[in-house]
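Chemist: Here are the chains, one letter per residue:
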Amino acid sequence: MKIEPYLFLDGRCEEALDFYKKALRAEVTALMRFKDSPDPTMVHGGQDPNKILHAVFKIGETTIMTSDGRNTGNPTFQGFALSIAVASKAEAERTFKALADGGRVEMPLTKTFFSPHFGMVFDRFGVCWMVIVMQ
Amino acid sequence: MKWNPYLTFGGDCAEAFKYYERVLGGKIVAMITHADMPAEAQAQTPPEWKNKIMHARLVLGDNVLMGSDAPSDHFLKPQGFDVSIQTDDPKEAERIFAALADNGTVRMPIQETFWATRFGMLTDKFGIPWMINCDRPQRG
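Quick mapping for you: the protein sequence lines, in order, are chains A and B.
Residue 4 in this note's numbering sits at position 23 of the first sequence; the count goes up by one each step and never skips.
Take any residue in the second sequence, note its place counting from 1, add 765, and you have its number in this note's numbering.
It should be emphasised that the hints constitute simulated quantities derived from the structure, not laboratory data.
It is possible that some hints are incorrect.
[As the list claims (entries may be wrong)] Straight line, CA to CA, 20 Å or less: simulated DMTMM-like cross-link-like pairs of lysine to aspartate or glutamate:
id : chain 1 : residue 1 : chain 2 : residue 2
1  : A       : -17       : B       : 786
2  : B       : 767       : A       : 74
3  : A       : 39        : B       : 827
4  : A       : -17       : B       : 813
5  : B       : 890       : B       : 780
Given the structure is predicted, the values throughout are model-derived calculations rather than measurements.
Hey, can you work out the whole structure from these sequences and the hints?
Modeler: Here you go:
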């Protein structure tokens, strides 16, 4: 069994994939556009056929899936975060800075009772990331 | 580098994680309340919140699901994502779907699609959105 996050980027999927490729060295391993769907009933009325029905991207061994979904142009993310555990303070700082570009820092990287380096940042699409160096 | 979903709850995180452990298997390896934190870290915690969850962690093989309770002035209804469960057993997909859908909301009944022998979407009774997927067997 595999448990993986699925993000609905609501029209900003392509832009987000480009951003995660740069910021997190993500590798896109699968991508299907609405126009390529073998099931035409999945394309909603007025849906841009070039928008992304389903994509998969990987960093190391971790997989995240995403879609433009209903393509409202206004993705909203709340009630969860994606936690990134990294091996060093330097990697935490690089990752945090890259994600914060165009986004909003919720809690700067700092020492806490559970981690030598921990911070929270909302990226430019509104996805909340927790960057943590494990003790 | 590893990424994992971190879920927030309005106060029923402990109940939810115990439910997920029963439905999905795996083991809860951390269930830390605010009362378990160092004194300086809980100085501002209201008394009624002491037994709420500050950090929970469920481990299933290589998968890690984490969560915590968020105070009502910070809690936002989960939105913009699903937690996807992939299994290669259609019966297991149906069992998990039915268990998570119990007292929850089915957003797409579990069914066959062009990519999957079983696929369905639901929001569970704790407000967490899930996607259950069982891919077609790969053609050799």
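Chemist: Would you mind marking each hint as holding or not holding in the structure?
Modeler: Outcome of the hint check:
For the proposed pair residue -17 of chain A and residue 786 of chain B, the alpha carbon gap of about 14 Å is at most 20 Å, so the pair holds. Note on residue 767 of chain B and residue 74 of chain A: the hinted pairing holds, with a Cα-Cα distance of about 16 Å set against a maximum of 20 Å. Taking the CA atoms of residue 39 of chain A and residue 827 of chain B, the gap is near 15 Å; set against the 20 Å cutoff, the hint holds. At most 20 Å may separate the alpha-carbon atoms for a hinted pair to count; residue -17 of chain A and residue 813 of chain B exceed this at roughly 36 Å.
Between residue 890 of chain B and residue 780 of chain B the CA atoms are separated by roughly 11 Å; this keeps the pair inside 20 Å, and the hint holds.
The structure does not agree with numbered hint 4 stated previously, though it agrees with all others.
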